[in-house]
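Novice: Start from chain A and add chain B according to the hints.
Number of protein chains: 2
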Amino acid sequence: MDEFDYIRWVRRQIPSDPRVLIGPGDDCAALAPSVRPLLITTDLLTDGVDFVLNEVGGRAVGRKAMAVNLSDIAAMAGEPLAAVVGMVLPTDAGRTLAEELFHGLRAEAERFGVPIVGGDTNTWAGQLVVSVTLFGEATVRGAVRRSGAKPGDWIFVTGPCGGSILGRHLAPQPRIREALALHETVELHALIDVSDGLAADLNHILDESGCGAALVAEAIPIHADAVELAKRSGKAPLTHALGDGEDFELIFTVSAADGERLLKAPPVAGLAKIGACVERGLWLDEAGERRPLAPTGWVHQME
Amino acid sequence: MDEFDYIRWVRRQIPSDPRVLIGPGDDCAALAPSVRPLLITTDLLTDGVDFVLNEVGGRAVGRKAMAVNLSDIAAMAGEPLAAVVGMVLPTDAGRTLAEELFHGLRAEAERFGVPIVGGDTNTWAGQLVVSVTLFGEATVRGAVRRSGAKPGDWIFVTGPCGGSILGRHLAPQPRIREALALHETVELHALIDVSDGLAADLNHILDESGCGAALVAEAIPIHADAVELAKRSGKAPLTHALGDGEDFELIFTVSAADGERLLKAPPVAGLAKIGACVERGLWLDEAGERRPLAPTGWVHQME
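If you read the sequences in order, they're chains A and B.
Numbering of the first sequence is given in this note's numbering, commencing with residue 1 and proceeding in unit increments.
Numbering of the second sequence is given in this note's numbering, commencing with residue 1 and proceeding in unit increments.
Note that these hints are calculated values from the structure, not bench results.
Note that CB positions come from ideal geometry on N, CA and C, so glycine has one too.
Just to be clear, a hint being listed does not mean it is correct.
[Stated by the list, open to error] Looking from chain A toward chain B, a few residues come up when the C-beta cut is under 7 Å (computed): (1) 31; (2) 40; (3) 46; (4) 72; (5) 145; (6) 165.
Extracted from the complex, chain A is given alone in its bound form (with noise of 0.2 Å):
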C-alpha cells in the first residue's frame, strides 16, 4: 500500500461534517470560519519514550496521541475541534499498524465529536513516531491560561494522582467536560493538566503567575496507582502522586470564594483541594511543618 492508498482508505473512515470544508486528500484541509478565538496545540509521541509498541500496540498509542492533545485543550478549557495527524512508520510495520493507529486516533477522538481533518504518512528506518495537532476553540468566557493564579487562591486537582506508569498514562482520560463545567461554574485564574508532574506542572503555573504555592500534603489525593507502585520502589506514595506525571487530571486556581462555592456544590466529581497560592516559593505542608517541594516531575533533557 502506497501513501495516496492510505489516504484513501482514511477518507473512507471519516464521517462527514459541517464544520470540515475540505477534509485529507487535498493539499490542505479547510475548517469553516469561527467567531470564537482558535485553540492550537501539538504533541509528538515516540516510541521507547511515550509508549513501548512492541508491548502496547498501534490502538494503545493512537489513542493517548489524540487524548494527550485533548488533555492540552482541556488545560485551557476549550472545546475540541479538529485534528491532523502525521505518522512515521517503521519500513517493517506495513498497513496493519497504520491502520491499528488510526483505529486507536479516531476512536479517542470521536469520544469528543472531533473530525480528523488531514494528516501526513511516512516510512523510515527507525522507530514510530506519531504527532497529532488539535484545534479547539476558546468557549464565550475565553481561554484560561496559566497565568492568572494570585496569592490567596485556592489550588485543586480534578482527581488522584501518582503511579500512572502501571498503565493508566496509556489511557488517559481528558478533563473536557469537566474544564468546561468548571470554567462555567466558576473565575478560574489558572488552569493546567498534569502531564510532567502535579509539582511541576504547578510549577508551571507559579513561573507564569509570578507567585508561590503551599501544598497540604494530607489534602493530595493520592491513586491507588501510586500506593501500588510504592511498594515496589520504596518511595513514598506522596511522592509518586507529586512527581510521577501523565495523570492528565487537572490543577486549577480559584479564589478563595469560588473556592468555598465549589467545595459546597462540586459541578464534576472528584475534585480536592489541595493548597493555596501564597507570595513566592513551593511549599509543602505535612505535620504541622512547612518545607520547600522541588518542582520535580518528568522532564525532557537535552545535553
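Specialist: Just chain B, lined up with the frame of chain A:
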C-alpha cells in the same frame, strides 16, 4: 537545557503579532478569529529520508520543513497565517541542533510573515524528526482544490522541474505569491504543488477531477539540474523533470480562454503551458506520437 528553558528561549525569539492571542508557553496557542476558512496542512520530515542531517545541518532542515508546508498553502492559493513545530531530537545532539533548527524554521517562516506560535520538543535515542503544522486562510476567492480540472483545460507549471536532489530540494521556493497572483487573474480550476513529481502530482489532480491529460514533451520546462543529473544517471532529462519531485513548483489547470490570457500577459515569471486535459488517461505527446505516461514519482511504500 530542559524543555522548559528551550520554550523560554523560543518565546524570546518571536515578535508579537496582533493575530496571535496566545503564543508559546501555554498548553495551547490561540489565534484571533477570522471570517475566512482556515487552511491546515502538516508535513513531517525525517533524517535519512527527507534530508541527511550530518550533511546539511539543522538550519537547512528547519528551512525545508517550513518551506514544504508553505508550499501546501500555496497549492490551495491560500495566505499563510501561523505555524506550530514538533521536534524529536537525538539525545546526543544537544541545544545547538535545537537552536539551529529553530533559526532555519523561523527564517523561512519570516519570509512569508508567519509567526511560530507553539510546538513540542522531545528527545530520544533515534534520529531527528521535524513536524510542522501550518495554518493559512483562503482568500476571498476561496481555496483552490485538486478536483476542478475539466477536459479541454490547459495545464501550466510555474517553473522548470527535475534534478532537485542536487540541492534544490533543501531550499524550496514556496510559490505563495505566484499562487495568489494567479488566483486574482484567472479562474484556477485545479492546483497542486510538485512534491512527488510532475507526472505523479498531475495524476493526483486527474484522479480527483475524474479526467485525463496529455502533456507535450517539448513544452515541459526542464531544470538545469535535470540536465546535469541525466549525465550521471543515463536517463533522459525529461524523465527527471517528470519524475523526480520536490520541485515545489505549482501545476494548475484553467480554461483555454484563461490560458490564452496567461500566455499574453503572464502575472508571474516562469509560466509554461505543458499540455491539456482530456477525457481520460495520462499521455505524453512526443515527436508527433501519443504514448501512455506512467504517473511515477516519489511514493512512500508500506509493505
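Novice: A separate judgement is required for each hint: does it hold in the structure or not?
Specialist: Here is how each hint holds up against the structure:
no. : hint : result
1   : 31   : 5 Å, holds
2   : 40   : 5 Å, holds
3   : 46   : 5 Å, holds
4   : 72   : 4 Å, holds
5   : 145  : 5 Å, holds
6   : 165  : 17 Å, violated
When each numbered hint is compared with the structure, a violation occurs for hint 6 only.
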